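Take these sequences, add in the hints, and give me the full structure.
Number of protein chains: 4
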Amino acid sequence: MPAPRTFPPEETLDKLFAELNNAGRWGPDDELGTLNYISAKKRVAAASLVRTGRALSIARDLNTTQSASNPSPVRHTMCYQAHEPIGAVDELALGMHGFALTHLDAIAHVYRGQDVYNGRKAGVVATPGGLACCDILVQKDGIFTRGVLLNIAAVRGLPWLSPDQGVYAADLDAAERRQSVRVESGDAIFVYTGLQKREAAEGPENLGQRVGIMPDAIKWMHEREVAVYSGDCVDAFPNPYSPRYAIYFHAIALAAMGLILLDIPALEPLVKLCEELNRGDFLLTMAPLRIKGGTGSPVNPIALF
Amino acid sequence: MPAPRTFPPEETLDKLFAELNNAGRWGPDDELGTLNYISAKKRVAAASLVRTGRALSIARDLNTTQSASNPSPVRHTMCYQAHEPIGAVDELALGMHGFALTHLDAIAHVYRGQDVYNGRKAGVVATPGGLACCDILVQKDGIFTRGVLLNIAAVRGLPWLSPDQGVYAADLDAAERRQSVRVESGDAIFVYTGLQKREAAEGPENLGQRVGIMPDAIKWMHEREVAVYSGDCVDAFPNPYSPRYAIYFHAIALAAMGLILLDIPALEPLVKLCEELNRGDFLLTMAPLRIKGGTGSPVNPIALF
Amino acid sequence: MPAPRTFPPEETLDKLFAELNNAGRWGPDDELGTLNYISAKKRVAAASLVRTGRALSIARDLNTTQSASNPSPVRHTMCYQAHEPIGAVDELALGMHGFALTHLDAIAHVYRGQDVYNGRKAGVVATPGGLACCDILVQKDGIFTRGVLLNIAAVRGLPWLSPDQGVYAADLDAAERRQSVRVESGDAIFVYTGLQKREAAEGPENLGQRVGIMPDAIKWMHEREVAVYSGDCVDAFPNPYSPRYAIYFHAIALAAMGLILLDIPALEPLVKLCEELNRGDFLLTMAPLRIKGGTGSPVNPIALF
Amino acid sequence: MPAPRTFPPEETLDKLFAELNNAGRWGPDDELGTLNYISAKKRVAAASLVRTGRALSIARDLNTTQSASNPSPVRHTMCYQAHEPIGAVDELALGMHGFALTHLDAIAHVYRGQDVYNGRKAGVVATPGGLACCDILVQKDGIFTRGVLLNIAAVRGLPWLSPDQGVYAADLDAAERRQSVRVESGDAIFVYTGLQKREAAEGPENLGQRVGIMPDAIKWMHEREVAVYSGDCVDAFPNPYSPRYAIYFHAIALAAMGLILLDIPALEPLVKLCEELNRGDFLLTMAPLRIKGGTGSPVNPIALF
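Protein chains in written order, with this note's numbering: chain R, 1 to 305; chain D, 306 to 610; chain E, 611 to 915; chain H, 916 to 1220.
No wet-lab data here; the hints were simulated from the structure.
Certain hints may be false.
Claimed, not checked - Straight-line alpha carbon distances no greater than 30 Å define the calculated DSSO-like cross-link-like pairs of lysine-lysine that follow: (1) R:Lys42 / D:Lys347; (2) E:Lys652 / H:Lys956; (3) D:Lys346 / R:Lys41; (4) H:Lys1134 / H:Lys956; (5) H:Lys956 / E:Lys882; (6) R:Lys41 / R:Lys219.
Computed from a predicted structure; not experimentally measured.
Have a look at this one:
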């Protein structure tokens, strides 16, 4: 059994926050963050990854059942039309985040203290009517780029990581080598630690005990110019840091780097298909709903092979 | 000024409903309808349309303002987190159809009387908990195919069609010729009549007076094996038929053909970009939210050039 | 152990529906039903029941937890105001009926086939925008009358009735005698069978097996000119009748008699206070929210002694 | 035309906040505030005011139409039941405050800076799940007391007060004299300035320009031991004070006095009936929904004469 993860002191996070900070990198008004890495040329190259025509959703079904990990479930209601209706209509209501919904984060969704991406302040950005900038609407033209699967469970030789583990830069390197793929500027990475397998075997994840992305792995993403992070692990719980870093990966990724985060993907079918096709990369397409001021959006990302 | 459209008698619709009916075509249990036209090979070919890497959303912003054409607007609410919040979260609630929201229809969304696609009956398909089959979830792996713009306003030599006009098969033929493109099996077509230009000049559309897709154009789509219809016109209003055909295009498209409908797209920017690039086709990508039992889904379709 | 209830044939219900029918009794346009029994004089008399000044809610707390008997729970959401808020605000969403919410029914809430109170038809009354008449708004000036507790568990000498039992006219007579009270025109009755005690001992009620009001007890209410029925039992389950009488008590009470129904009261504290004060009657006050077209309303009925 | 109101300096409000503060008056744990004035004896006396049996709602209809003064309207949705439904059901969603909904405030709804009633702090009281104390649930047994109408428009000899006016202690005194009534401990007062008449003549109120309750009138309410304030005017707008007193009447009433506030009543019918019956007092009954943690509740208050 591997030793549990160990965290660097909070000062290391402060240094990282400064070092990885993309403020000003794409201009003082930039709201796109790491989406800037996805050039038109990158999109053309990504399209060429569609070789078999296989398509696969990486989203979970919207979950309407209340549980410990889904305290405010999606509500789906059929509506009355007439005694002799000509069709069926319905309504949908959902919270944009949480641990049950596959969703994209707006860059201003999480702060580090008052700090928001590109030198902004939360007190100005967050208003009762929605985010005044860095909202989800800035991502309206969608994300179309190369996706790369990084199978950490496989490189560790385990079916799944236990919740006291972390994902380090070295794990990401090893996962690249295993799949003979190299993460490049503008890629979307999908980090897999076997969570769905673990839940199938051991029951629903305890949200207070979660595998975490370790600080040096965040730096790795910065150096590789990753455009989108997704994975079945995000912030470590329990959290060893102060409230400024209550969810330290979200805080550094969003507020310093402007790194786009795709939370709560369904990776098990993706892992299977990658193995079946013996591939580690694919075309990723997704687009948020056009919610002005929104802090995020439910999405259904599609992988094409 | 062209003469107003004239409608065939209702018996013609009954005949069309039988003639264009895809029941049994893809098996007795099929729930995908014309998505069956989109083969893996079609997807590979569609990907090759990405030549410049330009990406464009074809959705409207979610509209939170109540109006005659948006009586039940989207609700977007920021949520309270704490006195010293670490981020911003929000909730979203919306009706799935209407004239303000860019959305995909589930195939069982509209009936012809009791008839639902592939020989099913509404009384069985529509339940208080959602559609028992042909719901939006069957489209979960998304739509990735060639999109073709058919600019009817241009072939008519008008900035926009007036609301008493119809779009005929001959218009679709003419639009193909104008753009030197031919609609093929599995394509998604986007029929443009200049609605947004008309609204900019004359104010919001009167929902009781709408340009309509004429019956012979529906037959055209069947013959060409169109996979997805979208456009700034759908069913003609006022409706000349009985309640069985209250929205006759939706009824025949969904309940007979299983034709996928993308309602309320934003076509003006698409028309502009097609003109700029001198292209009539592009890669279309979109994916509905995974709503079990859902009658439709808000989407943000992306065109890539 | 008493023998389980036995139901009369469905023809008896048809006869009752005709016999107890108040259509036309208060004019062809009446929408108030048995609220007509509550005269101004009745209100004055009811006010005189306030002798100790004790006040007691008969409602349950709104229940935000999903469960078998509460599949669509109330949603209560705190809203974001500002980074330095001057107060707290929130939102509430709820379904108007079900087995978890204390609520008043609109008279047109339930039909017998197509029949709605006072000769109306459901196809006309129920519209997508709400009930066109006999909605909850007609009860807007509230209910202020004498309440009478009828403790059926006590007259049966049991802590609670088992779910295969029924409440008969003879039980109501016996409960009156036990408390030396006589139900009169315009009264609101509260029938107690010990449900909350049973649930405390045996767990949540199985909604498919419920104590029921028997047909002869409905006739009793008609003869006594009861204005409001409330109780911890309503319709018997499993239901022995056809869909026209799927919930036969609701159907006859609402659609024939126009009898006002207060569903899902919290009777345990009321029973205790009645015993403490040695009283069987009290002043009942409640008023629905003013929902135009509404099929019901959450309420918080108050008993005053 | 009377001179516009003049406001005392903010220090006067600080002094008032201390002077009128009921912290500790009813114990360190009290959450009921001025409801403590309504004794059992008071309820018995109030019941005796029911002499004619006339009942009248003082609520507005729930307003589902979006407008400047109702930006987030109530949503009322009919729900699908079945192709042959046995009844009609619906859902309701609403924000608890605003200027369109008749509602009761929870005592912790508004702060003065961080100060909440009875020495509490907002950072502790307001949680993501609701108010931890002084929520609306503490008012669950309802309000049953004497209501007194104070017609300020009449004593000023005007059909309505213009929005630059204030209501002073002297106005309240004059209104008592006019109606030969004296406000006593535990009463609910209804201050009428003719707003609905003004709106009928001049259009919807500009929410930035509102008649206000003046500081000396708040002191009057404290001295008279008013239990419930209601009226067609509340806080003056524009507000002359700092954010601590953004809505100074709410801040002092709720956070210092624990004075119960019934916002947005419909007073016009009440004024008419009082005149018709030549009465200035009546029995007031109302009860909030039992919302644990709620910051308020929609209510339908009923006046009985």
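- Message: With the threshold set at 30 Å, check whether the alpha-carbon distance from Lys956 (chain H) to Lys882 (chain E) stays at or below it.
- Response: 22 Å, holds
- Sort out whether Lys41 (chain R) lies within 30 Å of Lys346 (chain D), counting only the CA atoms. Answer holds: Lys346 (chain D) to Lys41 (chain R) is near 24 Å, not above 30 Å.
- Query: CA of Lys41 (chain R) to CA of Lys219 (chain R), is that 30 Å or under?
  - Reply: The given pair, whose Cα atoms are some 25 Å apart, holds under the 30 Å limit.
- Item | Agreement of Lys1134 (chain H) and Lys956 (chain H) with the hint, judged by alpha carbon distance not exceeding 30 Å | OK: Lys1134 (chain H) and Lys956 (chain H) at ~25 Å, within 30 Å.
- Query: Hey, Lys42 (chain R) versus Lys347 (chain D), does the alpha-carbon distance stay inside 30 Å?
  - Reply: Cα-Cα ~22 Å, so holds.
- Query: Under the criterion that the straight-line Cα-Cα distance not exceed 30 Å, is the pair Lys652 (chain E), Lys956 (chain H) satisfied?
  - Reply: 23 Å, holds
The structure shown violates none of the earlier numbered hints.
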